[in-house]
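Heads up: the protein sequence lines correspond to chains A and B, in order. For any residue, its number in the numbering used here is found by taking its place in the first sequence, counting from 1, and adding 16. For any residue, its number in the numbering used here is found by taking its place in the second sequence, counting from 1, and adding 16.
Worth flagging that the hints you see were computed from the coordinates, not collected in a lab. Note that the structure is predicted; figures quoted are calculated from it, not measured.
All copies of an identical chain are treated as equivalent in the list; a pair is satisfied when it fits inside any one copy or across any two copies.
Think about it this way: if two alpha-carbon atoms lie no more than 20 Å apart in a straight line, the pair counts; the simulated SDA-like pairs of lysine to any residue are: (1) LYS217 x GLN29; (2) LYS217 x ARG33; (3) LYS217 x GLN200; (4) LYS217 x ILE201; (5) LYS217 x ASP43; (6) LYS217 x ALA132; (7) LYS83 x LEU60; (8) LYS141 x GLN176; (9) LYS217 x GLY128; (10) LYS217 x ARG199; (11) LYS217 x GLU125.
Protein chains: 2
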Amino acid sequence: MAREKSGKKISLQTVERMSLYRKVLEDLHRDGVANVYSHQLAELVRVSPAQLRRDLASFGSFGNISKGYPVYQLILTISRLFGTDTLQNVALIGAGNLGRALLFYRGFEERGFHIAVVFDIDAEKIGRVFAGRRCHHIQDLEAVLPDFGVAMAILACGAQNLQSLVDRLGRAGIRSILNFVPRQIHAVAGMNVENVDFSAKMEKLSFLNRYGTALEFEI
Amino acid sequence: MAREKSGKKISLQTVERMSLYRKVLEDLHRDGVANVYSHQLAELVRVSPAQLRRDLASFGSFGNISKGYPVYQLILTISRLFGTDTLQNVALIGAGNLGRALLFYRGFEERGFHIAVVFDIDAEKIGRVFAGRRCHHIQDLEAVLPDFGVAMAILACGAQNLQSLVDRLGRAGIRSILNFVPRQIHAVAGMNVENVDFSAKMEKLSFLNRYGTALEFEI
Numbered sequence: 017m018a019r020e021k022s023g024k025k026i027s028l029q030t031v032e033r034m035s036l037y038r039k040v041l042e043d044l045h046r047d048g049v050a051n052v053y054s055h056q057l058a059e060l061v062r063v064s065p066a067q068l069r070r071d072l073a074s075f076g077s078f079g080n081i082s083k084g085y086p087v088y089q090l091i092l093t094i095s096r097l098f099g100t101d102t103l104q105n106v107a108l109i110g111a112g113n114l115g116r117a118l119l120f121y122r123g124f125e126e127r128g129f130h131i132a133v134v135f136d137i138d139a140e141k142i143g144r145v146f147a148g149r150r151c152h153h154i155q156d157l158e159a160v161l162p163d164f165g166v167a168m169a170i171l172a173c174g175a176q177n178l179q180s181l182v183d184r185l186g187r188a189g190i191r192s193i194l195n196f197v198p199r200q201i202h203a204v205a206g207m208n209v210e211n212v213d214f215s216a217k218m219e220k221l222s223f224l225n226r227y228g229t230a231l232e233f234e235i
Numbered sequence: 017m018a019r020e021k022s023g024k025k026i027s028l029q030t031v032e033r034m035s036l037y038r039k040v041l042e043d044l045h046r047d048g049v050a051n052v053y054s055h056q057l058a059e060l061v062r063v064s065p066a067q068l069r070r071d072l073a074s075f076g077s078f079g080n081i082s083k084g085y086p087v088y089q090l091i092l093t094i095s096r097l098f099g100t101d102t103l104q105n106v107a108l109i110g111a112g113n114l115g116r117a118l119l120f121y122r123g124f125e126e127r128g129f130h131i132a133v134v135f136d137i138d139a140e141k142i143g144r145v146f147a148g149r150r151c152h153h154i155q156d157l158e159a160v161l162p163d164f165g166v167a168m169a170i171l172a173c174g175a176q177n178l179q180s181l182v183d184r185l186g187r188a189g190i191r192s193i194l195n196f197v198p199r200q201i202h203a204v205a206g207m208n209v210e211n212v213d214f215s216a217k218m219e220k221l222s223f224l225n226r227y228g229t230a231l232e233f234e235i
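The following block holds chain A by itself, in its conformation from the complex:
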């Protein structure tokens, strides 16, 4: 549980649902929708209206019985909660196929994250500029990182010496890691790690194909 400034507690499940609300609200905003009723938004995100109202109530009362929630204001409020109302610099470790795809992935910038600096170990890549970002050698991590004021890193590198890399990132001031490498890593003290494991999701889908259980929506 985390504590909001007001002193209210927010569970990580609520935080995850907030991402989902935001995503759907962005769709509505793109479509020119100014206000949305809680039951409509709840249906779009596939949660109960009561759950949605409870989640949004943790940030004060937004809803208006006659007009619903103001879409754009709600997007801004959720962005402020995430700290993504201003663009944050992020470091990318690994400029291979996946790393380069992430550099071109517009979804990060749209949601407030800017990959500002790239590291690799491949001599062919060092010094090159990918999508406007220069690639540095990983041995220069400690020297280069402070220039970019980053607290978050994305791991899209090889699995070799992965844990020692994580430890180095921790010492260099990285507090959050989004890990695409299909290996188990251990966060150093005060660090948070989120793993993106494509194959685990495929395994779950394959299991569901075999056993036929319908999966409720989830993020």
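Given the coordinates of chain A, work out where chain B should sit on it, guided by the hints.
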């Protein structure tokens, strides 16, 4: 809850933990470890030993008090549960940066999934071969798909007309979708959808950076 052949029920949370057990077991197998004790495996995956034993017990008793669990046999058993003990063909929709990175992503094949066929709408890409897989026009989906015997599709395409694409995939026999497009899609009857939303994970990490809550391990 899904029902295993024996009639036992397995929750989706157990299925997700099974992916994690398998990943760690693969690491051990690579390192030449033949047997592992439940408390060791539990520590590596950061679950309680009781939870681990309970999860594995749903598949019959593997453990041996003196020698622990046989690593390779356990990998095979979990693969059979997922239906990934033989390679499954998968369709990829979208041969952009992310799609091409997924084509080169070795993690899929290692875990039993083979991207066998690729679709796009970009005339420049149609007919080209990416990492050994030919790219077809999405308008030929219904004609081409049956040749590959696929039940799973990966969406790494643009957001335009996404839901109608999902509906078409459902009619063409696709039962599972791994969705990388940061838009809300609705599964057709009998279809399962898993979303991979990188930015939602970043938002969660950013939230945790701000509010300082340590995150327990999760897949």
